[in-house]
Amino acid sequence: MGTLLNVVVFLPLVGALVAAMLPKGEANQHRTWALVVSLAVFFVSLGLWFGFDPSRGAPEFQFETNVPWIASLGIGYHVGLDGVALLLVMLTTALAPVVILSAWKEIEDRPKEFYIALLFLETAMIGTFAALDLALFYVFYEAILIPMYLLIGVWGSENRVYATVKFFLYTFAASVLMLVAILYVYVNAGRTFDYVTARNTLQVTPAVGALLFGAFALAFAVKVPMFPLHTWLPDAHTEAPTAGSVILAGVLLKMGTFGFFRYAMPLFPEAALRYRGLIAGLAVFGIAYGALMSLVQKDMKRLVAYSSVSHLGFVMLGMMALTAEGLTGSVYQMLNHGVSTGGLFLIVGMLKERRHTRLISDYGGIAKQVPWLATLFVVVTMSSVGLPGTNGFVGEFLILSGTWLSRLPSAGLFAALGATGVVLGAVYMLTLVQKVYFGPNHNPANRHIPDLSVREAFVLAPVIVAIVAMGLAPQPMLQIAKPSVDRLMARMTAAEQRLREAAPTLRPLVGTEPAAIAFARPPAVPAPAVPAPAHGDAPAHGSH
Amino acid sequence: MPSGQDIAALLPFLLLVLGALVLMLSEVFLRSGGRGYQSGLTIAFAAAAALAVPFAPQQVLFGGQAVSDGFAGFVTMVVCAGLALSALLGRGWLETRNMERGEYYALALFGASGMVLLGMATDLLLAFIAIEVMSLAVYSLAAYPRRGQRPPEAAFKYFILGSFASAILLYGSALYYGATGSTLLSAMRGGGGALLAAGLSLILVGLAFKVAAVPFHAWTPDVYEGAPTPATAFMAAGVKAAAFAFLTRGVLAMVAGTPFAVGNELGGVLGLLAVLTMVVGNLFALPQRNVKRMLAYSSIAQAGYLLVGVIAASRPESRAQGTSAVLVYLAAYAVTVIGAFSVLAVMEKREPTPDAGSADAWDVSRFAGLASRRPWLAFAMAIFMLSLAGVPPTAGFVAKLSVFQAAAGAKAWGLVVVGVLTSIMGVYYYLRVVVAMYMQPAEMEEPAAAPPTVAIAIAVAALLVVVVGFSPEPLTAWARAALLRM
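First to last, the sequence lines map onto chains W and E. In terms of the numbering used here, the first sequence opens at residue 1 and continues consecutively. In terms of the numbering used here, the second sequence opens at residue 1001 and continues consecutively.
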């Protein structure tokens, strides 16, 4: 079974190597080859999807391979997937062909290098999600920088060099401290980089744990990006070519949230419990800030970029709620954001290809010219604002209800502030739709825009299908995510127990507040010393 | 009378000396037309010396003054690889400038023999001889073109400052002899007192000069810039490897032998040197637009990371990790830096004279748009830059990882943090070259085609960097097996 995952990880790289040998002048050969490779990867990854066993007794990591890689440095090639990683791998393999197809016409300059970079990037992304060795993870995580740096810097728009250097330096600077933390884990977990071993054996004092958590959290917070470390994102998104923006929004940002879910929280649960309020606060602030910034943008891509800051704030908020609903919603929202923001960037890119401008004011009333584009844009917008029936609703609902029920201090306030993001999201997205597609069409340049081409229909079809399918039938994906979510909940609960042994008066931290559900909070009854495993049957699953 | 065993142990060194003599004599009998094979001969001797390494018995030589252990063997391999690659580079570079002479290769071989000897030395006197053999050859290589003002200036500066450092080293050795009654490194065992401390400090200063550690680095930028590019490449790879090999041996002997809590005091001194070298080297490299000068400052910064490895080797709990990390770093750096200098050699301004307007001879703007004109050359340079910056998946990342890992094993967290933070600066100035190549429009005249031998050198170096980046186990395992025998 492990072979299948290795094929998925390395097939794109092999494809890139083959592409390097194809003749430079034959642009269509490169496009077709990249598409064929990425489709092949997708179909192989379907084997992972159907082969994954989400039942309670199944092993945590499946499709495992564990062989030495750099034995003398103690680094292993250890890969495997849990449910969350599987979902993100599927997101990656599904987005890759879409992105390659979307760039068919856009990239005229050096297509060979472009597609090689994309395929290399795909291997690095899948590897990041699959890695179960800290050093291997770091290698994949950093290897992403090179192709992404080139994608933005070579094929981006006017201000690309500034944006790409900023992107590289921000991410690299934040992640080198994570390397130090990884080395610390290595030394103190019995000289091993293996994630599973380290997670079980690592013992650190609270002060050191806080530092290590901080180092991991910093690296991931830049990637997410969380306020106030988000400033690279609008620049990178705006300057990147459409394919780069889609990959960046669709997959790269998830590495940050995935990093919290997989590494920062399970490795240092006590520190995570201590600082969750701070992180949740920043997440809520990011939700509101991103939404407000989106309201005032003149540039479509910048608007979508700031909306990403807002949406990723939801993901972080749900994660920090530490309730089964919140975590599940957080995982689901990672996928939603990949689909809907990816879709927005795709359509914005199509408009830009036609009119060579990203400014909202250059458009207006084009729905008559491009009815199909307008319709699809509205559908994707609905998903982005979380209309019931679309995927966005499921994620946001789970996150907000999970936050409301959580034991975060002043959970209600967090949930209420988070909900403003939903409202503001509807405002800025619908305003965008209205300004771009409806109203009078004054600009003569907008009178003759061609509508959706067949190729573009193929690009957008998977996105639309995903939006509807994930909105109406979220259960299969939630099912796959459930074991990972339950395990993280159990881990955090265990950490809470340990903290309680040291400080018996500690109020409950993890799980849902039972009183809040019943709306009858008897003030005299103290909180139970050992909280019931509220995540046991995860009541919120499918509660939409 | 040396036994056959001794000769077998010294065979790599002897082969290099033999090669130097052959090339020097051949120059007398040759007409200028038939010089093409000289670089080939150099590479053949370098390869022979490298091939002799696995067959060299591990033993003590010259009554304890030298040792042919796995560590020395590894250093010999690195030096030979550096020699062969820079000979390939030298062939193309010298030929296009009509400077191809046997002396160049003879000097390089002499230099390499000194480096190999230094890698084996366990005695201050022998080390001094080796350093002088190496340095005199390298001084002459720096001055080799004789045209223009820059090479002689570089060579003279190097010579004066280098001799000064050698004198300090010699003086330190004299004090050492006074304190211990011997020049063997092993004589430190049980020694102590102010005299020994003073001697060791002076020796350390002399070696710090050779490895270009801050504050003894001032010669590096001018010499690296002024010397002919193939000589610079050889210098950066070989001198650094040999000097660090002896430094590591010396530090290990100090830790093993002397009673004055060398672990702490020495660690403090070396730690200070390492921090200064990493910070200053990277800081000074930041504003350089001249790529050759940038590489010179980067070589200073890399010496800082190597010092971190030496410090890790000085702690008992991370001795094996530290020494092997130093070796891995030396190998990765040697290959990467020779590759980078080879690309630079192709790109540098050739006309009208080597030093006319040389301020812009290596300006980063010469690389603008290279990716669209010479995609493979640009790709190779990008690989070298990323490797120097320590970005995976390259050899440079493996080297940095193993050094920091060793330092983590020694619990030297301060050094690790300074190391990773300064490497952020590194990313900035290395990426400047990549930005120019890939993201800026071409403005200069079409770059000349790389001579075939230079192209081979670049291809081999780039391949090695990537292969080691993806599959480092052979290299790291070999370095781990290359044990030190004092």
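Hints in this document: simulated from the structure, not taken from any laboratory. Worth double-checking, as some hints may not be accurate.
[Said to hold, decoys possible] Here are the simulated SDA-like cross-link-like pairs (lysine to any residue), alpha carbons at most 25 Å apart as the crow flies:
| hint | chain 1 | residue 1 | chain 2 | residue 2 |
| --- | --- | --- | --- | --- |
| 1 | W | K352 | W | W104 |
| 2 | W | K368 | W | A490 |
| 3 | E | K1411 | W | Y184 |
| 4 | W | K24 | E | V1280 |
| 5 | W | K166 | E | V1417 |
| 6 | W | K166 | E | A1320 |
| 7 | E | K1411 | W | K24 |
| 8 | E | K1411 | W | N443 |
| 9 | W | K166 | E | K1411 |
| 10 | W | K352 | W | E270 |
| 11 | E | K1349 | E | R1432 |
| 12 | W | K105 | E | F1156 |
| 13 | E | K1411 | W | E270 |
| 14 | W | K24 | W | N6 |
| 15 | W | K24 | W | G74 |
| 16 | W | K24 | E | Q1440 |
| 17 | W | K166 | E | Q1440 |
| 18 | E | K1411 | W | W104 |
[To be verified] Listing some non-contacts, in silico: residues in chain E with all C-beta distances to chain W over 12 Å:
| hint | residue |
| --- | --- |
| 19 | Q1065 |
| 20 | V1133 |
| 21 | S1318 |
| 22 | F1470 |
Owing to the predicted nature of the structure, the values given are computational and were not obtained by experimental measurement. The beta-carbon is built from N, C-alpha and C at its ideal position, and this holds for glycine as well.
**OP:** Just pull the numbers of the violated hints for me, sorted ascending.
**Re:** 2, 4, 6, 7, 8, 9, 10, 12, 14, 15, 18, 21, 22
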